[in-house]
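Residues per chain are reported as follows:
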Amino acid sequence: MYGLGIAKGMIVTFKHLFRKPFTVQYPEEVVPRGSRFRGYEFTWYEDRCTGCASCAKYCPLGTINIVTHPEGDPKQGMDYAIDIFDIDTGRCMFCGLCVEACPYEAIQAGGPLDDATYDFESLYRDKHKLTEMAQEHLHGHDFTYPNGKQAPQPDEKPLHIGLPVERDRTR
Amino acid sequence: MTTQLDVEKLSKQIQQQFPDAVQDAQGDYILLKSDYLADVARYCHDTPALALHFLSSVTGVDYIDYFELVYHLVSFEHNHSIVLKTRAYGREDPHVPSLTGIWQGATLQEREVYDLMGIRFTGHPYLKRIFLWDTFQGHPHRKDFTGA
Amino acid sequence: MVKTNGDAKLTLKTEEVMVNIGPQHPSTHGVFRMRVTFDGEVVTELEPIFGYLHRGSEKLAEERTYTQVITLTDRLDYLASMSNNLAYVLAAEKLAGIQPPERAMYIRVIMAELMRIASHCMGLGFFINDLGALATPLMYMFREREKILDLFELVCGARITFSYMRIGGVSGDLPEEFMPALVKFINEMPGYIDEYEALLRENEILISRTKDIAILTAEKAINASVTGPMLRASGVPWDLRKSDPYEVYDRFDFDIPVGSTGDTYDRFLVRLEEMRESVLIVKQAMEQIPSGPFRALAPALIHPPVGEAYAHVEAPKGELGFYLVSDNSIAPYRCKIRAPSFINLTVLRDLIIGWKLADLVVIFGSFDINMGEVDR
Amino acid sequence: MDWFYELWPKLGEAFRGWLESALPDSIEGWVIYLVLGLLSMLVIVNLPIVGVMAMIYMERRLLGRFQNRLGPNRVGPFGILQPVADAIKIMTKEDIVPNGVDRIVFNIAPIVMLTPILLMFAVIPYGGDTFLTNLNVGILFIVAITAVDTIAIFMAGWSSNNKYALFGAMRAVAQLVSYEIPLLIAILGVVVITGTMNLNEIVAHQSSLPLILFQPLGFVIFFVAISAELNRSPFDLLEADSEIIAGFHTEYSGMKFGMFQLAEFAALMGYSAVIATLYLSGWEGPGLPGYLWLFVKVFFIFGIFVWTRATLPRLRIDQVMALAWKFLLPLSFLNVAITAVEVVVWENGLPEWLIPVNIVIGAGLVAIMHRGLNFQGQTRQVVPSGPERLAAINRPVGGGTE
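Residue numbers (my numbering), protein chains in the order written: chain A, 1 to 171; chain B, 1 to 148; chain C, 1 to 376; chain D, 1 to 402.
Excised from the complex, chain A in its bound form (with noise of 0.2 Å):
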C-alpha cells in the first residue's frame, strides 16, 4: 500500500531522534588522532639530521629548502653543517614522503590540528623556528620523538655522527 515506505523511514528517523549525536563538538572535545597522524607540526630534529637532503629531494613539490657545508674533523667522521634548512608549510600537502625518505628519521609527522594562522609569513618555517618547535614537542613529551623513540636529554650528545652542531636558540 501507498505509504508504507514512507513510513518505514519516517520509524527510521525518529529512532535518530533519541539516539547519542554522533558529532562532538570541537574546542572542548578533541578526537584523538592516530599515532601515524601527519598534521601541521612537522617537526624537524637537527640532532638527529645529517643534511643529507633526501627529504629535499623526495619532496614532490619541493618545499624543503637545505643548504649544508662540510664541516668537521675527518678523523672523527666527516660532518655536513646545516646553514639553511626551511620548510615552506604553506605550500605543503603533507604527503609524509620526506618523512620517509629520511634515513635517521630527523623529520617526523605529527601533531595537533590547531596550528592555524593569520598569514601565510609565520607558515614559513626556517631552521631555528624547527628548531624551537622540536624542542617544545620534546619537553612537552618527556623526550620522546612522534615515532615513539626516546630522544636525547639536553646535556646528552646528539645521535647522529660526529660533533655536536653549534646550536642558535635564541634566535
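Quick caveat, the hints were computed from the structure, so don't treat them as lab data. Just so you know, these numbers come straight off a predicted model, no measurement behind them. Treat the hints with care, as some may be off.
[Claimed, not checked] So the derived list for chain D, only partly shown, Cβ under 8 Å to chain A, looks like this:
1) Tyr-33
2) Ser-40
3) Met-41
4) Arg-65
5) Phe-66
6) Arg-69
7) Leu-70
8) Ala-310
9) Thr-311
Cβ coordinates follow ideal geometry from the N, Cα and C atoms, glycine included.
Use these hints to put chains B, C and D onto chain A, whose structure you have.
Structure of chains B, C and D alone, referenced to chain A:
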C-alpha cells in the same frame, strides 16, 4: 581473467581483410596505418569472433617525431582485449580518423586528445576544446609546450 | 501561446529558456557546468562544459618521479584516493616488473574496498540530497564515512589524501590498533546499510522519482564506454574484480550486483548492494591476511625499462586505468589516466534530454561523478 | 488561579480600567477603544515574530537530532539565542537590489508576502475569551487572505530577473493554486459537521471529542494540502535548493529575505494553529490555560512538519500536480459527501462508534485512490531518453479538429 588476443593471429586476420593496414605487430599491440584505422576498428567491432564492443580508452602520446594514438579495446562477451595503435605525423596538423561513428565512448576522449595533444580527428561531430578555453593557444600535453 | 499548425492540430508552443546550471550550483557536485535549454521544465538541449578544475595532472606526472606521482593520484577522485593509488601503483609495478608481497596485496584490497564503501556512501548521500531529502541520509552516510576515514588515519595518517600505497607494497604495515577497529566497524556496517534500506529502498517518493527515469540500455552503455555501477545497473555483469582480477580478488567469494532495466533506481540499488559486497570482501580478506613483509625490496627511485603498461582497477566510479610510458628515466614519459567519471559523462546528454529540471539533477546525481577526476 | 487561566482578557480589562481612571473625562470612549485595539494588535503582530524565533530554533535543533548531530548550540545556553543572532545578522546584511530587476515589484513582494500572514493571527482563538476579533466567517477569512501569498511569490519570482526565480514563481502559481481547492474542500467537512465558520464555535463544538476522530480523512487531506501550501517537504518545489537554488527568493538578501523567511514560518505557525483549531479541539484541554494548550498543539504539529522534512525526498512538479488533482481532490469530495450523509442521518451529533468506521472508510479510500497515481512506475509507459523521448513529449496536445 581478461586474455590478451594473440597479436600475430589477429594481425594476419586483419591483413587478409585489409592488405598493408598493419604496420607492426608485437608485444600486445597492433600498429595500424592511420588511413585504415576506422576500417579495422569497424572490423574489430563487427566481427562476431572478436566482438570488441567496448572502447576502454583513447590515449595520445607525443614521441616528438610522431604522435601515437593508443586504443584499448575490450570484448565483454569473450573477455579478451587488444591494443590498437596508430601514428599521426607532423606537428602542424596531425590527424587521424575519428572512431566516434563506431564507439560513442570516443567522443569525449577524442575531444580531450584534441585539446591537450592537438591531434585532429577527422569526422568527429563536435571537435572542440574540452578542458581549456576556446582561445587557448597551444596544446599543453605536447612535449614542446612551454607555457601559455 | 496557442498557434495552429498546418495540419490543423493544436500545439502548445512556448519560448525556450537557456539556463546555465553551474559552475556554481548546489547539485553539480563540484565546478561543472551544463548549458541547458528548457522548454517549460523539459530539457530540450544540454551541453556539458568541463575544465573548471583542470590542473593538468597528466602533465605534472611527467615531471615527477614514479613515487611522487602517487601524491597526484590522491587528488583525482578525492573521495576514493585509495583506489586511485592502487591503480597507479599497479601500473607502475607492471611497468617495472615488481611483485608486491602477499600481505601488501591483502592490505591494498582491504583499503580499496573500505574506500568503495566510503565513496558509495557519499555518492548515495548526495544522490538522495539531489532528490531533496534535506541531508538526512547524507548525514547518516557521512557518519559511516567518518568511521572509515578514522581507520585510514590509523594506517596512513591522513583522512583524504592518503598517499598510502607505494610501488611494491604499502608505506606502512597495519598498526596494532587497526584490526580491532576494523572488526568493530565491519560488524557494525551491515546494520547501517539495513538502516539506509529501511529509510530509502521502499520509499514511494524515491521510487516515483527514480523508477523508469533515464533508462540506459546495455548496448548503449557498452558503446559509450560507460563503466562501474552505471554499467552494471544496465544489466552488464562486468566488474574488473571478477572479469580481470587484479591483486587477490580471485580468492574471494562475492557477487556482482546487477540492475535489470538501467534506470536511476537501479543505479541507486546497485551502489547500495555493492556496499554489502564490499563488507563481505573485507571480512574474507581479514580472515585470510597472511603475515610477512608489507613492502617489496624496490629501489627508491625506480628506472623501469623502456616500454608501456596499462593497469586498471574497479574504482568506485568505474574502470580507473593508468597508461604509463617509460623512457628508462626516473619519471614517466607519459601518464594517461582513464578517468571513469569523465568517460561516463559521454551519455549525460542522451540520458537527460527529454526529462524535467527536477529529473536533471537526479539523473546527474545518479552518475556519481567527481570533478577532481573529470577535469584532472 | 483565575488570572492564570484568563490572563489576557483580565489583563485587557485591567488596562482598560486603568486607562479610564487615568485619562481625563474629556477624552471620549472611542479613544480608549482605539488605544486598546492598537495595543492588542501590537501583541498579535509580535506574537508570530517571537513564535517564529522559537520555531526556527526548534526546527534546527530537531533537524540536527534527526540527523544524528547536535544542531546550533553555541549562542547562549543550548544555543537558545541562535535565532536572535540570525535575526541580527540578517538585519545588518547589505540589501542588494540586482541590476535589471523590476524595482517596485521587487521591493513590494516581501511586504505583500508577510502582511496577509500577520492578518491571519487576528481571528485565531487563543482561549475562551482571548482573540482579537470573533469573525463569523473566520476560517474563510484565513483561507482567503493567505491566498494572496501566491501573488507575492509570483511577484518576487517574476521581478527578480533570474531564471531560477522564474522557475520558482511558475511552480508556485501551479502548485499553490492547485492545492487551494482540496484544502478548502477538506475544511468544508469540518464546516458541515459544526455548522459554522466561526473558529470559536468550531472549538466549542469539540469540547468533548476532537474532530480529527470524525474527520480522519479530512485531516489527512488538509495536512497534505497545507504542506504543499506552506512549501514544506516533500512539496517544497518553490525553493527546491538542489534544483533551482532558492526558487523565488534567490535574488533577495538582507531583511527582505528575512521577511520571506518570517512569512514562511509565521504561515507555518498560523496554519499549525488552524489545524489545532479545526481538528485537535484548539485551545481546549485539561489543566493548562487555553493559550498554552494552543501553543503546545502548535508546536506538536510543527514537530511533525519537521519530522517529515527530515525524512522525505522531494516530488517532481508533475507528480505534485497529479497528487492534487487526481488524488486529493476526489478524496476531498468523497469526504464531504460522506460527512454530509453522516450529518443528515445523525442530526443530533455523531455517535462515537462512527470513529472506527470513519477511520476504516478513510484508509480504504486512500488505498483505492492511490492506484490512480501510478507512482510506482511499473504501469507507466516507459519512454527512452534522448530525442525519442523529446518527440514523445512534443507530440501535439489539445483536441485538434479531427
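For the restraint on Phe-66 (chain D), tell me whether the closest CB of chain A is nearer than 8 Å. Where the cut-off is 8 Å and the nearest Cβ of chain A is about 5 Å from Phe-66 (chain D), the hint holds.
Given Leu-70 (chain D) as an interface hint, is the shortest Cβ-Cβ distance to chain A below 8 Å? Where the cut-off is 8 Å and the nearest Cβ of chain A is about 5 Å from Leu-70 (chain D), the hint holds.
Restraint: Arg-69 (chain D) near chain A, CB-CB cut 8 Å. Satisfied or not? holds, 4 Å
Chain A contact restraint on Arg-65 (chain D) - CB to CB distance below 8 Å: Where the cut-off is 8 Å and the nearest Cβ of chain A is about 5 Å from Arg-65 (chain D), the hint holds.
Is the hint on Tyr-33 (chain D) kept, meaning its closest Cβ partner in chain A is under 8 Å away? violated, 48 Å
Could you check if Ser-40 (chain D) really has its C-beta closer than 8 Å to a C-beta on chain A? Since the shortest Cβ distance to chain A is 38 Å, the answer is violated.
Can you verify the interface hint for Ala-310 (chain D): is its Cβ closer than 8 Å to any Cβ in chain A? Because about 5 Å separates Ala-310 (chain D) from the closest Cβ in chain A, which is inside the 8 Å limit, the hint holds.
Does Met-41 (chain D) pass the interface check with chain A, least Cβ-Cβ distance below 8 Å? Interface hint status for Met-41 (chain D): violated (38 Å vs cutoff 8 Å).
Does the interface hint hold: is Thr-311 (chain D) within less than 8 Å of chain A, judged Cβ to Cβ? Because about 5 Å separates Thr-311 (chain D) from the closest Cβ in chain A, which is inside the 8 Å limit, the hint holds.
Hint compliance for this structure: hints 1, 2, 3 are not met, and every other hint is.
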